[in-house]
Amino acid sequence: MSSSTEIESLATGEYKYGFITDIESDSAPPGLNEDIIRFISAKKSEPTWLLEWRLKAYRRWCTMVEPNWAHVKYPAIDYQAIVYYSAPKSTANGPKSLDEVDPELLATYEKLGIPLHERARLAGVAVDAVFDSVSVATTFKSKLAEAGVIFCSFSEAVREHPDLVRKYLGSVVPYADNYFAALNSAVFTDGSFCYIPKGVRCPMELSTYFRINAANTGQFERTLIVCEDNAHVSYLEGCTAPQRDENQLHAAVVELVALENAEIKYSTVQNWYPGDKEGKGGIYNFVTKRGACRGKKSKISWTQVETGSAITWKYPSVILQGDDSVGEFYSVAVTNNRQQADTGTKMIHLGKNTKSTVIAKGIAAGRSNSSYRGLIKMKRGAVGARNYTQCDSLLIGSRCGAHTFPYIEVEGNAGQVEHEASTSKVSDEQLFYCRQRGLDPEQAVSLIVGGFCREVFRKLPMEFAVEAQKLLSVSLEGSIG
Amino acid sequence: MLNIVDLHAEVGGKPILKGLSLSVGAGEVHAIMGPNGSGKSTLANVLSGREGYEVTGGSIQFLGVDMLTLKPEERAALGLFLAFQYPVEIPGVNNTYFLKAALNAVRKHRGEEEIDAVDFLALMKAKLAALSMNELLINRGVNEGFSGGEKKRNEILQMTILEPKLCILDEIDSGLDIDALRYVADGVNMQRDGKRSMIMVTHYQRLLDYIVPDYVHVLTDGKIVHSGGPQLAKDLESQGYGWLKAEEE
Amino acid sequence: MSALKVQTEDRFVRAFDNLPTDSGMIHSLRDAGMKSFRALGLPTPHDEAWRYTSLNEMTSVADAAVIDASGGVVALSPPAGIRIRPLSQVLADDPALASLLGSVVACDALTALNQAFLGDGLWIDVPDDFSSGKPLVLLTTAQGNADRHPRIMLRMGARSFLRIIETQSIKNLHQGRVCNTVFEATLSEGAELVHSRMQEGGSVGSLISRVGIRLLRDSKYNSFVVTLGGAKIREDLRVILEGKDAHCDLHGLTLGFSNDHIDHHTSVEHCVPHTSSKQAYRAIVGEHATSVYNGRIFVEHDAQKTDAKQSSRNLILSQTATANSKPELEIYADDVKCAHGCTVGRLDDDAMFYLRSRGLSSEQAMRMLTFAFADEVLDADASGRVHAWLEQRFGVLS
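Protein chains in written order, with this note's numbering: chain R, 1 to 481; chain W, 1 to 249; chain Z, 1 to 398.
I should point out that these hints are in silico values taken from the structure, not numbers from a laboratory. Incorrect hints may appear among the rest.
Pairwise CB distance ranges, derived in the manner of DEER restraints [stated by the list, open to error]:
{"id": "1", "chain 1": "Z", "residue 1": "ALA351", "chain 2": "R", "residue 2": "ALA76", "range": "54 to 62 Å"}
{"id": "2", "chain 1": "R", "residue 1": "SER422", "chain 2": "Z", "residue 2": "GLU391", "range": "48 to 56 Å"}
{"id": "3", "chain 1": "W", "residue 1": "LEU121", "chain 2": "R", "residue 2": "GLY199", "range": "39 to 47 Å"}
{"id": "4", "chain 1": "R", "residue 1": "ARG380", "chain 2": "Z", "residue 2": "SER362", "range": "17 to 25 Å"}
Model, not experiment: these values are computed from the prediction. Each residue gets a CB set at the ideal place from its N, CA and C atoms; glycine is no exception.
Full structure from sequences and hints, please.
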């Protein structure tokens, strides 16, 4: 129905209604309706099928209700008050190289400890940086291209590799999967795309940094990673947002596809603004992440360190479809002040001899609540399937909560599940011991908590592990006293 | 070095130390003996500033500084080291990493530069060799899964590396068999350099056969009731604490 | 759409309308029960607590049917010294006591339904310092084409000791009918209750059991529940630890075959410092059976020094059976020791092979290992009755 000219006229038509275009960014007005979706699609010169897909998702979303089963509380979100598209102006034509990237922007990344320029090269990390909703710069593109790896912004992938995108988009997280996934499918503005062809080991760690900058802006990025037979990739994702008094919504979708004998390692360090001590402001982080181990002997591994966000609602999952496939989930979730996290995983065992491991560490301080929620499901026919889950919670102070909500569902006598959980505190003895050796209380707590998280940190790539330990210290600041 | 005058302290509202005075000079080794419940461990904890031990009177001067206003880590930075009776396990925290953090905290306080990882490792190796300690231990979590003897050895290793000015050894002999005791005592004796002072808190004379003190004090009901030379410990061993009380009365 | 979830055409509403009208306390309690039942409506699998258990069986017949309001629970040869009276009589004598009903069990649609059809339940008072070697035997039955809503109130005096052996059987209940029991007890200081329950269902009909226990200082509750089959069995056991040094020990054993569906929910709520709890539930499912265990440990703010343990082990004997387990921790105090463990699996292949290599048949070996799995919990059955009961059905166990 919509031809490109129609889209264009819609887009220009919308302009008349006054899109805010200030010095820094190019934005849509707040609110969500089919016209906004058409506007976003037109802005990105998308093909018709993608617009149709977005609209289907939107219509479905309109019929859905926001989930309320998570152990989190927040005031109702006004979806009509959110800006669904915001792009830094300087990238309207796309930077050709890092030199063209706004130095202010680069300075911001620098401040965040994300050296796009220097350290990235030294560390051999290719970075795709997403500022608000638009991919800013991708480094090392040529080097990757030599290896046959495609690593680019989602918009570029839609333009340059439409067949691949069309084949895999929504194949792991369908647009109607859940409320936030449907919302994302309707309005996603950018994200990363990564494709590793048959037999290729990606020559370097790939990395994306997300940042929400503009006020009242929602971020809805979408990441799609496909590893063909015998391919291998390690992917890092970092997130930050500046301090703002109002809450901001982040509803991302990540889809991973691993074909035969492929391996995807996905690491996240999430440090969205958590709100202030009284719980004012902060990001609502409602994210759907799921990987499909489609091929035999494939492996998907999620590692996450979650220290930010006012609310985290996130369950990186693996569908273990291929025989002998492996799913892993290693997680550290730290909450302080008024933060709330409800996070965990889902391991769905379908194939024979599929294995999954879940190690989740929840740390709650201040008046925060940290919950682990995880599903281990073994379908009939998953002969020889095994899962091992360990969830440990650490409480710091007596006004916080740490919770465990495992769901174990086993059909038939072919699988085996083991689940353990414990709750502990930073003991006075441990604190005193460290202080007697000269460490101040904050150092001591961060050291002890770091020890508690060690099993997960060691799964992170080196630079990330250091960053994670630092973040831990920062987010636990003022948690004792 | 250390000057304790008329110290009174309570635990949970119950008076434990009731006017304890003690003076320790540089390089001296003092043994404090006494029956159970006399206040030996309380003294060690009060000196190191543990919470829950409330000082209700008296003073503690360490190197001319009033200790009572200082936090535990500040006392440690000044050069006070407590070898714990029951060293706590800190799972997941690498022993080497922990020690490096502690040493740097102390060095920072002294105005020295932080030691880097390479130099630290060299230092650690040297000390380990001197103590003929198993290197594998230091790569484990702090005291995690250590036997009683290994925990005490780890305390000695920490002492060796942090180079404190005053060491308080709280029942360092408890739970050790004779070989482990000899080993730990050797480690402590290596630290006696004529400048470093030590306070050994113990219930048994046995330890003093291996670490010979300059002075022996008897602590009863929160006060030092008797002081003397190493011979005093031997008298206690043969006659018990009873005669001291009788003598006092 | 009406705010009420239950419409007037619902069979329970019609059955309620058929009840003889009467004045007095029971009647107003019933009215209030029906009112809240109509507002709440029967739970569906969309309700988190009913995720694995559908109540379709209960609504699979449309006719209002008979409500057997006689209570359906009898006490057999009670030990001398305890006072057992019909609930209706107690409430008639002292209407103020009605406020105690429903104060311990969770107030959901099924408790409301029980109240709507409140009949002559039992009101049991155990005096201070009472103790007897003789157990109180309670028999709850429902059969034929009638629903039953038994209710038991138990008040135990300070330092009293009582053993209850309760059998709940709905073996001959018809399709679509329900036996919906509520048991509430308050244990005063230093009291101890040992509570064994043997539940047996049939190929049709539902057994819904609600147990609520309030524990005051130094009191102890020891629960042992064995569920042997049943098309639809659901128990919600709630223990509220309200006094220092209160302790509860909850054991459960589920045996499900054919198309059995057995669901055990526990909620152990530590409300004050220095309380402890232990839960050990075992489920054995074969053929097309499904088991559910949803165990919750809740530790209130400032309930320091809580010591709570929970273990759920599940043995699946066939390719077509299903086990679901949700061991939950909800903790708001930091100085606590809370842990849970859960396993789901089949019989150990190596152990099976070992026994067979010693000459046992596959069936014998399976039986032996299965009961060994149950043994850990069976050991907690001090009365030995459960053991005897199982042997009666399965032959010698080991």
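Results of checking the hints against the structure:
Checked against the hint of 54 to 62 Å, the C-beta distance between ALA351/Z and ALA76/R comes to roughly 55 Å, which is consistent with it. For the pair SER422/R and GLU391/Z, the supplied restraint of 48 to 56 Å is violated, since their beta-carbon distance comes to about 37 Å. A beta carbon spacing of about 40 Å between LEU121/W and GLY199/R agrees with the range 39 to 47 Å that was offered as a hint. Between ARG380/R and SER362/Z the beta carbon distance is about 22 Å. The supplied range of 17 to 25 Å therefore holds.
In this structure, the one hint that does not hold is number 2.
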